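Enquirer: Next come the chains, spelled out residue by residue.
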Amino acid sequence: MEYTISTIAPIFIFPFMAFVVNAFFGRKLPRQGDWLSVGAIFASFLYTLRIFGDFIFNKFSTDYYVHKVFNWIDLSYGDQFFKIDLGIYIDNMTAIMLLMVTGVATLIHLFSTWYMKGDERYGKFFVYLSLFTSAMLGLVLADNLLLLFVFWEIMGFCSYSLIGFYYEKEEAGNASLKAFMTTRIGDVFLLLGILGIWSVVGNVNYVDIYAAISQGLFEGHTVMGISLASFAAFCVFMGTVGKSAQVPLQVWLPDAMMGPTPCSALIHAATMVAAGVYLSLRMYPLMELGEVTHIIAYVGAITAFLAATIALVQTDIKAVLAFSTISQLGYMVLGIGVGSYNAAFMHLITHAVFKACLFLSAGSVIHSTHTQEMPEMGGLRKKLPITFLAMLLCTLAIAGIPIFSGFVSKDRILGDALYWGLYAGQNKVHFIVPMLGFGGAFLTAFYMFRMMFLTFFGEPKDKEVYEHCHHEHFEFNRTLPLIILAALTLGVFYSGSLTGQGEIKIFPRAAQEWFKILVAAPEVKNFESYTKEKFDFADTREEKVWEKAHYHHQSGYAGVNPDNEEGIHHAHINGAVASVIIAFSGVLLAFFLYIRRLMSPDFFVNMLKPLHRLTTHRYYFDDFYIGILLKKGLLVFNNALAFLDMGIYDRIAIDGWAKVNNWIYRASKWFDDVIVDSIAVDGTGTAVNLFNLVLRVLQSGKIQFYFVVLIVVLSGYIWSLNFIS
Amino acid sequence: MISYGSYLLISAFLFVIGLIIMMARKNIVAILLGIEFILNSAALSFVTYSKFITKNLDGHIFALFIIVIAAAEAAVGLAIIIRFFQIKETIHIDEATELRN
Amino acid sequence: MSGLLNWVLWFPVIGMIAVLCVPGTKVQTIRYVTLVTTAITFLLTLVLYASFDTEVGGMQPHLSFKMPWISQFHINYSLGIDGISLPMIILTGLLFLICTLSSWTVEKNVKAYFALMLMLQSSVFGVFMALDFFLFYVYWEVMLLPMFFLIGIWGGENREYAAIKFFLYTFFGSIIMLVGIIALYYATGKGEDSFNILALQGGQFTEMTIHLFGTDWSFERLFFWAMFLGFAIKVPVFPFHTWLPHAHVQAPTAVSVILAGVLLKMGTYGFLRIAFPIFPSAAVEYAHVLAILGCISVIYGAFCAMAQNDVKKLIAYSSVSHMGFVMLGMSAMTTQGMNGAVLQMFNHGTSTAMMFLMVGVLYERSHHRWIVKPDGTKGYGGLYTHMPKYSIIFIIGMFASLGLPGLSGFISEALIFLGIFNKFTTITVIAVLGLLVGAAYLLWMFKRMFFGEVSDEVKEYDDMNKREIGYMIPLCVAVIFFGIYPMPVLNIMRASVGELLTLLAKYN
Amino acid sequence: MILNLFSNLSFYIPEVLVIITMCSLLFIESSYGPAEKERKLVFIAATIGLVLAFVSLMFNLGEESKLIFANAVVIDKFSTLLKMIMVLGTLGVVYLSKSSLDIYRGLKSEFLIMVMGVLVGGMLLASANNLLTVYLGIETLSILSYVLTSFKRHEATSTEAGIKYALYGGISAGVMLFGMSHIYGLLGTIQFAEMLPAFAKVQEAGQQWLMMASFIMFFVGIGYKIACVPFHMWSPDVYQGSPIPVTTFFSIVPKMAGIAVLVRVSLLFFGESQSAVEIGWFGLIQIIAALTMSVGNISAIGQDSMKRLLAYSSIGHVGMMLLGVLTLNTVGPKIIVFYGINYLFMTLVAFYITSAVSDKFGSDSQASFKGLVTKNPFMAILMSISLFSLAGLPPFSGFIAKFNMLAAVVDAKYYGLAFVAAVNSVISLYYYVKVVKVMIFSKAEMEGPIDTFRFSNQALIALCTLPVIILGLFWDKLMLLSEGAKIFIQQ
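Protein sequence lines, in the order shown, are assigned to chains A, B, C and D.
Going by the numbering used here, the first sequence opens with residue 1, and the numbers climb by one from there.
Going by the numbering used here, the second sequence opens with residue 1, and the numbers climb by one from there.
Going by the numbering used here, the third sequence opens with residue 1, and the numbers climb by one from there.
Going by the numbering used here, the fourth sequence opens with residue 1, and the numbers climb by one from there.
One or more hints might be untrue.
Unchecked claim - In the DSS-like style, the derived pairs of lysine-lysine whose C-alpha atoms are separated by at most 30 angstroms in a straight line are:
hint: 1; chain 1: A; residue 1: LYS117; chain 2: A; residue 2: LYS83
hint: 2; chain 1: A; residue 1: LYS117; chain 2: C; residue 2: LYS108
hint: 3; chain 1: A; residue 1: LYS428; chain 2: A; residue 2: LYS169
hint: 4; chain 1: D; residue 1: LYS486; chain 2: C; residue 2: LYS108
hint: 5; chain 1: C; residue 1: LYS389; chain 2: A; residue 2: LYS117
hint: 6; chain 1: D; residue 1: LYS486; chain 2: C; residue 2: LYS190
hint: 7; chain 1: A; residue 1: LYS631; chain 2: C; residue 2: LYS190
hint: 8; chain 1: A; residue 1: LYS632; chain 2: C; residue 2: LYS389
hint: 9; chain 1: A; residue 1: LYS659; chain 2: D; residue 2: LYS486
Derived from the structure by calculation, the hints contain no laboratory data.
Just so it is clear, the structure is predicted and the values come from calculations on it, not from any experiment.
Put together the whole structure using the sequences plus the hints.
Expert: Structure (structure tokens):
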């Protein structure tokens, strides 16, 4: 099938046009234009289906991409050359991403029509949703880092607007500011990374970057003493850290719960945070080249574990989900770090689905109970049966229970991490990474089921809330998204083998492992045939289409020593067993604590009091950033600087000149008044007075002082002639 | 014969004395007198040079002009001093310090 | 065709004379006369754009105009435009039109106000069109007079101090520049082209030395710094920036807009038109100093902005910061950097004009500009809820200003960074921080003013009226359109910047 | 011989005309009875005389340079142009005195007579070609000036100013004479033209030191007349004490005359040769110029009295003009004439308006200028123009003057001085702008319209402002005129 701009661009353009139309005319449209947003994203979804189908069925298991370029900025003049080409780049990964984004976003849009109903800014919400989604789609379609950065930032703006959606609340303002600024730190790093890459490659197209890496163009370039590849890789990864809420920039994400719940779903599942991981996946060859994978692995592992521990003590249902998002994102990053490229991406997709569902379910709960506090809920499964079922499936998925999607992807990551830490022949210290991963998995199972039990099981703790909650019926725009998403949490959609290892003989292997086959780390060696000249798009004002296979299928381990098949297998078997055990034990622990009540959770709280305090304060990250870095550091510094600028520098160094002149003037006046009048008259030594003393004439006057000056100066001149001649 | 050096020396003395009078005396009329000293010292040295060195009449003529103009200046100066005396009832120079920055 | 520049240049003066002829009591007539004048002037600048040949690198031959003025000194009345000046001229036309509309509410001495505005417009055009050094200087200085009166008469509480400070500070810079102009005149041997800016270009002073204080100095270096001083004060570059916050805070809204939108650009324009091409080797040699100063301006301005409680002062400091980017881009001396710098001049003109206009709109309602009042209470609060139209336009301006992709500020900043990274990597790494802090102070200000509950005070304000929205729309369109597709502007400047770079490349 | 001298008179018609006018004024004045205060005829006669003098000067412009009266007086274009400036300045002062209340009504005609006398002195000085004429010129200028200074005879300040002026003038004249006598002794002549050959002899005899000292003493006399630092100290006091028309007059005519003689002496004796003497002389003038500018401008900052402010500012301008003396070999005379012409009009406008305002409020403090723009916007604008012009801001003539002066200085490679001049420009702008601020930004404190701005006055002020603007824009013709200002050097 021939791809042209008109077959691809609508994916982005539909929601974008919905945004434009709604932004200007939304109020005048029936239903404030929500149908337009929903319809647009659904249309995008249909277009995406087409592309996805094409990848799946027509070009199955071959590596395939479409690359279209158009010229955006052209500054060439004479022998100076500078162009920025923007383009669309679709490969297998993009196709899957597009499908996930449009699919999940469609359902979230649909859900929003129920959730936001009656809100005074109903129309505005859809404006933002459309922009948000279109930005994410644009980001995924982009063929270069600069365009990616453009949409990346626009998403930042959308998250800013959506988090601050309830702008009457002061906290919403704080949260949105925090979200934007924290991610902006990452953005600035990303920009630096782009600059670094640009300085070597000459542009930032993915294909060119891969080619440059394969040709070793990065060698020998340094930035401030470190190799440019490392610099760029680190900076790009910092972009991920900001956007995907990794330690130490994870603080914005829990606060982002200030926004309406569907927007949380969008941010946490389909768009914002996924973008960060997507970036790191795209730039995977650079990460390898820059040798920052260890940093990535550690950041991911620490994030996964820390966020999980914080989630343990949350009572707000959305906060639990928020921390679970951070934790799951940690797994993805961990996956990238340990070279589990394929699984990390798979986890991105599976997580998007079940996290979207979790949030929508939570939204459903919140909308019904008008509270977010789990201690006030309980026993809701009778009232909200569909929500309960959907949420249960998703919880099973996130907890890593076999046959569910979460297990498939997370298990692979953990297996690869285990291999990376244990078998790949590294320093054994790195074993801590898989350990953190497994620990996090245990905690995930526990806190997710804690959430389930507290919300849906047991007796209603707050009667009023319970009474208030209506019985759930099938509603098209409320329950349909939940049902679809919940159904998609089954692992079978992603992998034929439920454990991710074996095979079910019914399906052909290729069909079962479509994910594994389609998604492979860009093997940069294959770009060797490309020479640098080919990337100087000397004549790219007209569209160009490349349809050429560049990737070879490769197993998911781009990381360390892929030849060690046995070690990989070993690690995976162990990993699978361990994660199954861990997941179930987590669930059981929650069951005993919250259903059976064998033991009070307070027991653990008392036992681990310092740890509890740490986790409830979120490891003091926020206090440190805002309390110390911002308030004690930055603001004080700023105020001091501003005072220095206006109070001291301006007053003294600039206005001072006027003062100096005044001083000179005053000094001369003082000279006249004091020296001439007072001192001379009082008879203490000046030139005037010397004459007076000599001549016993006691007084002198002003005009006579003029004479003295005249004579003294005259004598001075004449005396100075000595030196001249 | 008295050498021209002596004349010049006298002229210089007159000049310095005039300057000192102007700087030291408080009586305005005395200061005016100091001016006359200075002018006369110049006249003297003009005549001296004319007589002994340059041997032309320029210096003599110059001296005549100096005498005339000194008289005019003294007249004007005295007139102003009289006005000053009428207003201030003193001719002490330190009374003339109203004008200043 | 060659008379077109004269029309653009003198039409505001015609308008000024017309305004002066109207009796001072007929306020409405004066306003409309001014409006018509500025509107026609703006259309004339658009005609300039229509007749502009983007392939020509130098001055547009069919638009240039030359006439002898002072023949003994070979001073000519010579005008011309190229791709660097045309965007500035269009910007000037647009901003003055908008400022006329925004000044509709000025009540005090309307006649003098609009007459001075028109005079200012003409002199600004003169600076951007002059190809004769003497003419350039005359316009450069003449511009100070209306500015001085506009700040001094229609300004805020401390207006006299601000006006005098602005006046003296810029005058100091320009008089040093004047010494440089005169030195150039003699260095070229008082010939036919000794005041001709174009003829002076090309690095003919590289080898020249002058004897001063007992040693030989490089003529080029010495007078590069003389020019630098004149222009840097105007930009303003740290450490010559302190006049700016005063002037901005005190100036009436329209004047702030002009000041930030156009006048600051004259400084960087001076670098591009005069300092760089006339002293190319010194410019290349001292590019790092410019870059460092630019970088300091970016960071310093941003940090100072963060500490401000006065919205206008905050935006004034943000101008310091953003003009620092222009300096950075120029010092890069690469295609993308230089183009980015010129584009940033244009984009900053639109975005900062928006910000100042928005602050002015608010000021007309609240009569104060405190984010946090001196007594510690909130100056505003809940503006977002109460004034939705206002808020949306404010958001567009603010995000354009902080460089959100899709709005105009981003592209120029990105181009500048792309240009400078290879040359001054460390400086880039530091300057990028400016983007971060830039977002911080703006959003923090936004949060404190717009979020939260509607305060009683704010409840009294009306949302923007049609006139206000009307004059904001062109800017919004410009900010968004050039954010998405900047090539219309870049196309104009590309060739001219290319010529400049070709010249500089010889010394690189 | 006698005949020859009389034939020389044909080149001396302007001076003679002024002298005739002065004498006729005496007669006309005495023809009025004591009751008749208006005495219009006096003003008419003075105007006619001055205009005739001006016209005859214009005729002189076309003539070849001449030495007349046994080489005592030189008529060249430089001197003629400066005389034209002086005559114009006097004409301006005549009209200022007519409307000014600072001069008692009964004294107005006497004022005119004396002004004519001073003008004759100034004209003599401008074309002086030997020591004697220099001395005569300076004394003619001075003696009548003393009287003019103490014109407000009932006021202590005026009399005090007169005394100070007289005494200071006396001592400086004395010192100058003393120096002259030694110059005469060393060189053997009082004729400038004959001195030049004698220079070499003096240098051979190793007497340069003495000669230089004498010249410096000579310079004291001139320096006092142009009020350059450090011989300026009398001038603020005298300017403040004098009536405003007198102050105006002092800031134009004696300065021009003094500059003229300084230029002539510098060019004659130190212009061509590159001896050590020259370095000494120009080094001296460099220092003095820098000091004069700086002291004048810095002192002006703190002044509240407008008259005093303008006095100090005129000191600053003299410093600028002294820069022209440094560039004598190239463009000096031209620039000085050019500067003088531009300076004349700006100063006249500033003083006119100051006079009118202080007449109304009885004080020339800046407070009386407050809110001038609301009372009389036209005058406020003209005053602003003249002040901006004085500060050297384009497009006004003061800028052109300063521009050319700076150009000359830079051409002569005095970069340091150019910098000092530039900084001084900024300082001067500071205090001028403060006045503008008071006029335009401040609210009026004193009530009532300024009725001293009569229509005729306003028209005159506007007429004087016109050149300030026009010369600022189109100065090529003026430059052509000044370019003719060659100093005649007798070979």
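Enquirer: It remains to establish, for every hint, whether it holds in the given structure.
Expert: A quick look at each hint next to the structure:
no., hint, in the structure
1, A:LYS117 / A:LYS83, "violated (47 angstroms)"
2, A:LYS117 / C:LYS108, "violated (51 angstroms)"
3, A:LYS428 / A:LYS169, "violated (50 angstroms)"
4, D:LYS486 / C:LYS108, "violated (54 angstroms)"
5, C:LYS389 / A:LYS117, "holds (23 angstroms)"
6, D:LYS486 / C:LYS190, "holds (21 angstroms)"
7, A:LYS631 / C:LYS190, "violated (61 angstroms)"
8, A:LYS632 / C:LYS389, "violated (36 angstroms)"
9, A:LYS659 / D:LYS486, "violated (43 angstroms)"
In the structure shown, a violation is registered for the earlier hints numbered 1, 2, 3, 4, 7, 8 and 9, in ascending order.
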